[in-house]
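Protein chains: 2
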Amino acid sequence: MELVQEHPVWKLGRLNHVAIAVPDLEKSRNFYKNVMGAESVSEAVPQPEHGVYTVFVSLGNTKIELLGEYGDNSPIKNFLEKNKTGGIHHVCIEVDNVSSAVQDLTKRGIRSLDPKPKIGAHGKPVVFLHPKDCGGVLLELEQA
Amino acid sequence: MELVQEHPVWKLGRLNHVAIAVPDLEKSRNFYKNVMGAESVSEAVPQPEHGVYTVFVSLGNTKIELLGEYGDNSPIKNFLEKNKTGGIHHVCIEVDNVSSAVQDLTKRGIRSLDPKPKIGAHGKPVVFLHPKDCGGVLLELEQA
Chain A
1 MELVQEHPVW KLGRLNHVAI AVPDLEKSRN FYKNVMGAES VSEAVPQPEH GVYTVFVSLG
61 NTKIELLGEY GDNSPIKNFL EKNKTGGIHH VCIEVDNVSS AVQDLTKRGI RSLDPKPKIG
121 AHGKPVVFLH PKDCGGVLLE LEQA
Chain B
1 MELVQEHPVW KLGRLNHVAI AVPDLEKSRN FYKNVMGAES VSEAVPQPEH GVYTVFVSLG
61 NTKIELLGEY GDNSPIKNFL EKNKTGGIHH VCIEVDNVSS AVQDLTKRGI RSLDPKPKIG
121 AHGKPVVFLH PKDCGGVLLE LEQA
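As they're listed, the protein sequences go chains A and B. Each residue of the first sequence is one higher than the one before, starting from 1 at the first, in full-length UniProt numbering. Each residue of the second sequence is one higher than the one before, starting from 1 at the first, in full-length UniProt numbering.
A few of these clues could be false.
With a Cα cut of at most 30 Å, we get these calculated DSS-like pairs of lysine-lysine [said to hold, decoys possible]: (1) B:116 with A:84; (2) A:33 with B:132; (3) A:84 with B:107; (4) A:82 with B:27; (5) B:82 with A:77; (6) A:107 with B:27; (7) B:82 with B:116; (8) A:132 with B:82; (9) B:82 with A:27; (10) B:84 with A:116; (11) B:118 with B:132; (12) B:11 with A:33; (13) B:124 with B:11; (14) B:77 with B:116; (15) B:77 with A:84; (16) B:33 with A:11; (17) B:118 with A:33.
To give an idea of the interface, some chain A residues facing chain B are shown, with a C-beta separation under 10 Å as derived from the structure [stated by the list, open to error]: (18) 13; (19) 22; (20) 38; (21) 61; (22) 62; (23) 84; (24) 110; (25) 131.
Simulated from the structure, these hints should not be mistaken for lab results. What you are looking at is a predicted structure, and each value in this text was computed from that prediction instead of being measured. All C-beta atoms, glycine included, are put in the ideal place defined by N, C-alpha and C.
Isolated chain A, as found in the complex:
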């Protein structure tokens, strides 16, 4: 009899968004809206509690989230100093239960940047996993 190891207490879902940090949000907004012709591009929304402006670019099956700096302590400040023209900042994947995911992943040696989920820019609980434990990628998990 073969033992099939079921993934235990939480379930990985859809790719919610790819986040791109940019030095000039209006220029990048224009790029996706008018040059690339994306079907829907939001206005820039200030997110004071997250230190960023966000613009959502809808691609049908998922979205690109453009991030611009907001305020003096923006979490993307260092990233933009290292990546002057901008770059892909993180990938966000949905999970059915973000608390269970964090608990389980911690046991498996995958660190979170915060001990507990916080409320993210979409008003849902999110957590960021440590890039060193995820193949160099900043992974955000968001409650579906």
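Using the hints provided, position chain B relative to the given structure of chain A.
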């Protein structure tokens, strides 16, 4: 009368994949399959003509493409030298007509890395746009 500027000759589509270059493909494959519990993770497929191994991680609405180095002249060699633990390498968006897209984007000042589309790892015409013209992001366009 308001003039609405229609996007002309080609149409942007779905996010086809997010490509992540990693130093240890089997380790990353294991991470997405057994730690994150992704619903479907392919075997590593050698792509000699592209200088990479690919692993596809299905996320329901789109996929992550893990890239490992293949051979001595892999196009991800420099990237992995700069990003020792790996990182997000490019984003691939589908278009209805990749030749029209390249022609139109060139007129708008967006450079391609190759003058004409090539056949990509999925057997479809693709082109990579210059990161400096796309907010620091290496954008791949793939014929849908």
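Here is what the structure says about each hint:
1. B:116 with A:84: holds, 28 Å
2. A:33 with B:132: holds, 18 Å
3. A:84 with B:107: Holds - the C-alpha atoms of residue 107 of chain B and residue 84 of chain A are around 25 Å apart, at most 30 Å.
4. A:82 with B:27: holds, 27 Å
5. B:82 with A:77: holds, 20 Å
6. A:107 with B:27: At roughly 18 Å apart (the allowed maximum being 30 Å), residue 27 of chain B and residue 107 of chain A satisfy the hint.
7. B:82 with B:116: holds, 28 Å
8. A:132 with B:82: The given pair, whose Cα atoms are some 14 Å apart, holds under the 30 Å limit.
9. B:82 with A:27: holds, 27 Å
10. B:84 with A:116: holds, 28 Å
11. B:118 with B:132: holds, 21 Å
12. B:11 with A:33: Roughly 12 Å separates the two Cα atoms, so the pair holds.
13. B:124 with B:11: holds, 16 Å
14. B:77 with B:116: At roughly 23 Å apart (the allowed maximum being 30 Å), residue 116 of chain B and residue 77 of chain B satisfy the hint.
15. B:77 with A:84: holds, 22 Å
16. B:33 with A:11: Holds, at roughly 12 Å.
17. B:118 with A:33: Distance of about 26 Å is within 30 Å: holds.
18. 13: holds, 6 Å
19. 22: holds, 5 Å
20. 38: holds, 6 Å
21. 61: holds, 4 Å
22. 62: Residue 62 of chain A check passes; min Cβ-Cβ to chain B is 5 Å, inside 10 Å.
23. 84: holds, 8 Å
24. 110: Result: holds, 6 Å to nearest chain B Cβ.
25. 131: holds, 7 Å
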